[in-house]
Each structure stands twice: as C-alpha cells, then as structure tokens.
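Chain B: place on chain A using the hints.
There are 2 protein chains.
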Amino acid sequence: MPRKSDSPSERARLKRGHERGDYSKQTIHSILDAMPLCHVSYILDGAPVVTPTFQWREGDHVYWHGSSASRLIRKSTAADVCMAVTILDGMVMARSAMHHSVNYRSVMLFGKADIIDDPEIAAKRLEGMIESLYPGRWDMLRPMTDKELKATTVLSMPINEASAKVRTGQPIDDEEDYALPIWAGVVPVQMSVGAPIDDTRNLPDVVAPPNATDFKIG
Amino acid sequence: MPRKSDSPSERARLKRGHERGDYSKQTIHSILDAMPLCHVSYILDGAPVVTPTFQWREGDHVYWHGSSASRLIRKSTAADVCMAVTILDGMVMARSAMHHSVNYRSVMLFGKADIIDDPEIAAKRLEGMIESLYPGRWDMLRPMTDKELKATTVLSMPINEASAKVRTGQPIDDEEDYALPIWAGVVPVQMSVGAPIDDTRNLPDVVAPPNATDFKIG
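Read top to bottom, the protein sequences are chains A and B. So the first sequence is residues 234 to 451, counted in the working numbering. So the second sequence is residues 234 to 451, counted in the working numbering.
Next up, chain A with everything else stripped away, as it sits in the complex (with noise of 0.2 Å):
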C-alpha cells in the first residue's frame, strides 16, 4: 500500500473530529464532568507516552496533577498535550464482522500544559478537584499542609482545541444484511458504584457521607 506523507493538515482533521464530531461546548463539557480519568499524552525522549490520571474542569481550563517529584509532570510545562476522556456505553453488535462498534463518548483536547506556580491558585484548584469528586468533601478534610501542596503539581490546559465525538444506538447493517437470521443489538455497558466500603480504622460512629454513598461516575 503507499504511503502518503503526513501532512499539517491531519493534525487538524484529528481537532476538528469528523464523522462522529460534535463541536458543542456543552457536550465537551459534559462529557469531561462525567468521567474524571482521562489518558494523557505527551513525547518524552522522542517518542510517545500516555498515562492515565484524573482530570477535572473550571470553566474554559481543564486540570490534572501529579508529584513535584516527577519529571514527567515538571516537563509538561508549555509543552504539547494531547488528554483523551473516554466512556463506553455499549457493545453494537451487528450482523457482519465489519459493522461491530461501541457507543461512546468521548473528548479529545489539544494544547500546552501549564504549570499553575502560585500556590494559592495550586490550593484553590486542588479543592476543586476534591469538590467535583465528592460535593463538600474538602471541608470535611484535615487541612491540606504546605509540604503537601509543595508537593503537588497542578497543570492547566485551556479547552480551546477540543473536539467531541458519540456514537449513540443500534447497529447499522449493510440492506441485504437485515434479511439474516442474525441476532443483532446493543449490549448497553457503564460505571456502577457500590456501596461505600468503611476504612476499619474508622472512628466509632463514623458514617460515610453522602459524597461517598452518592459517589456517580460516567
């Protein structure tokens, strides 16, 4: 088969999403505060590494963080990112091979990563990811220690570069196919949430909150 060279042009076929592309701010949105892990990109000595981490949204900026002490998180300053949010809603199964497909929602975000320096803002953000996990959570919580915030680093990305795809519904077949005595459909998947497990180190009389028994994701 030949090869094409890449051209710049790809890159930006890849931002603006295509067939499945749904460009709406509110669906970007939803979909990135619906499922907090996400998979980061970035190249490191040359070549490619994804790791998967948590990411939360204000506003128009997502968030992740990760150890001062990792290279990989000090690197990321103003340097290409690529994060990927992905949830799976369901197994389309068709009758040939080839029309097999999944339901899903999913984001992709492009830019430069920042590191957020001042460590007031580093706080304020952290609490943010602590409040969008579990509502009021964060008052709950033995303050956070300077040694811990020095310790963290939060990054920041605008949602500027941002494209969303879905695939909702049922299979679709080739015409002919639908005459085959072919079982055909969606086995819908997603995120459970159990009922919250108690530390055994627990106080006495301490019950979990309703942002563990509350606790949704996906």
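Don't take each hint at face value.
What the hints assert, rightly or not - Taking lysine to aspartate or glutamate pairs in the EDC-like style, the calculated list, with each CA pair at most 16 Å apart, reads: (1) B/Lys258 x B/Asp293; (2) B/Lys380 x B/Asp350; (3) B/Lys383 x B/Glu360; (4) A/Lys449 x B/Asp322; (5) B/Lys380 x A/Asp372; (6) B/Lys380 x B/Asp407; (7) A/Lys308 x A/Asp350; (8) B/Lys449 x A/Asp322; (9) B/Lys398 x B/Asp322; (10) A/Lys380 x B/Asp407; (11) A/Lys383 x A/Asp350; (12) A/Lys258 x A/Asp410.
To be clear, the hints were calculated from the coordinates, so they are not data collected in a lab.
Showing chain B alone in chain A's frame:
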C-alpha cells in the same frame, strides 16, 4: 522550581514501572484481557496524539485496528507508540486530600506498531478480535468480504516493553490522622453490563445468543 533536563532514563523508568509496579506477564495479560478499551499514543506532525480504540491480545502480541483510509493508522508502521489500558476499581477516600487515591489496574505498553500486510493473517486476527469479545460469534456472522478486509488495517505490537500497576485496598493515611473523626474508605466502581437490547430490525424468533447475554468487561 528548577527544571532538570530529562534524561533518557526517564522513559526507561516508566517502562519499568515504579512504586506500584508489577512486572509479571500474567498480571499484564490479565489486565489486557479484561479491558479491550485502550488509549494509543502516537506522534503526529511532531505533537502527541492519543486516541481511544479496542485492543485484543493473542499470545505475546496486542492488536488493534482501524480504517485503511486513516493516515493516522497507515503511518503507524514502525512508528513508536505507547498504549495504556486502565481499569478503575474504586475511589479511595482518605482523611486528607493528599491521600485520596483510586484503586485501579493498568498496563502501559511501549513499542513499534506493525501493520499486518498478509490479508489471510489480518482476517485471522480480526476473527480473534470478535472471538475475544464475543466467543462463538465469528461463525454466526455474515462472512467478511475481501472489500471489507481491504478497508481494515490491523496493527500489531509485541508485548515486550510493558509494565503493570495495580492499587488495591484501603486508604493509607498519615498515622496521626487516624485519630480524626473523618470517614474514610473505598467506593467500589466497576463496569456493569445490562441486558442486550434487540435491534428493532431483528427477524422474528432471533434471540440474543450467549455471547451477548453473557458479555463481560473489566
């Protein structure tokens, strides 16, 4: 904060894994086999790109596929890629923000992707994909056509630069924080699978087969 330049050993360190690293082939295989959803990272026009796709494993290789029309797929031959597979198992809620964490199983694979050029081998691998997701389904389907096979590119990568990380169990708090009346524990999360939804165009009397009703993921 002073920024040290990254040494080549940084990528090597990632490959080895670190504090939560687990190098057993059995662990790596079990994570890959449990979660087909993966994120593959490439360099495109000098910048990182990460895209979600499905992987499947046969022996000591992982495979994934895409449209032959995709330049992103075509340019993957002999290109450095990094693949991450991540399974979220629980939200770990500690007595301080710092010690909040997640329980998870993850694998990172590094290597060079190769396109499977032999159409018979590519077809066999696509059969492997369908069978790994839905045992027994390949023989139930309308057979794949040569045109469909040509439209599909199968990529392979040996599993020889791989690391797994696994976290399980309760939060680990600072010793003095165990005296605080703050609830701590784990909120379990997992992928759950619903009952198959029949395609509205299924023929009468066609019922969901076991590979749909018994589907499992995660």
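Hint-by-hint comparison with the structure:
1. B/Lys258 x B/Asp293: Given pair lysine 258 of chain B, aspartate 293 of chain B holds - Cα atoms ~9 Å apart, limit 16 Å.
2. B/Lys380 x B/Asp350: Holds, because 15 Å separates the two Cα atoms, which is no more than 16 Å.
3. B/Lys383 x B/Glu360: It holds: about 15 Å lies between the C-alpha atoms, which stays within 16 Å.
4. A/Lys449 x B/Asp322: Given pair lysine 449 of chain A, aspartate 322 of chain B holds - Cα atoms ~13 Å apart, limit 16 Å.
5. B/Lys380 x A/Asp372: Not satisfied, since the Cα-Cα distance of roughly 60 Å exceeds 16 Å.
6. B/Lys380 x B/Asp407: Violated. Lysine 380 of chain B to aspartate 407 of chain B sits at ~61 Å, over the 16 Å cutoff.
7. A/Lys308 x A/Asp350: Given that 16 Å is the threshold and the Cα spacing comes to 14 Å, the pair holds.
8. B/Lys449 x A/Asp322: The hint holds at about 13 Å.
9. B/Lys398 x B/Asp322: holds (13 Å)
10. A/Lys380 x B/Asp407: This hinted pair holds, its Cα atoms lying about 13 Å apart.
11. A/Lys383 x A/Asp350: Holds, because 10 Å separates the two Cα atoms, which is no more than 16 Å.
12. A/Lys258 x A/Asp410: At roughly 37 Å apart (the allowed maximum being 16 Å), aspartate 410 of chain A and lysine 258 of chain A break the hint.
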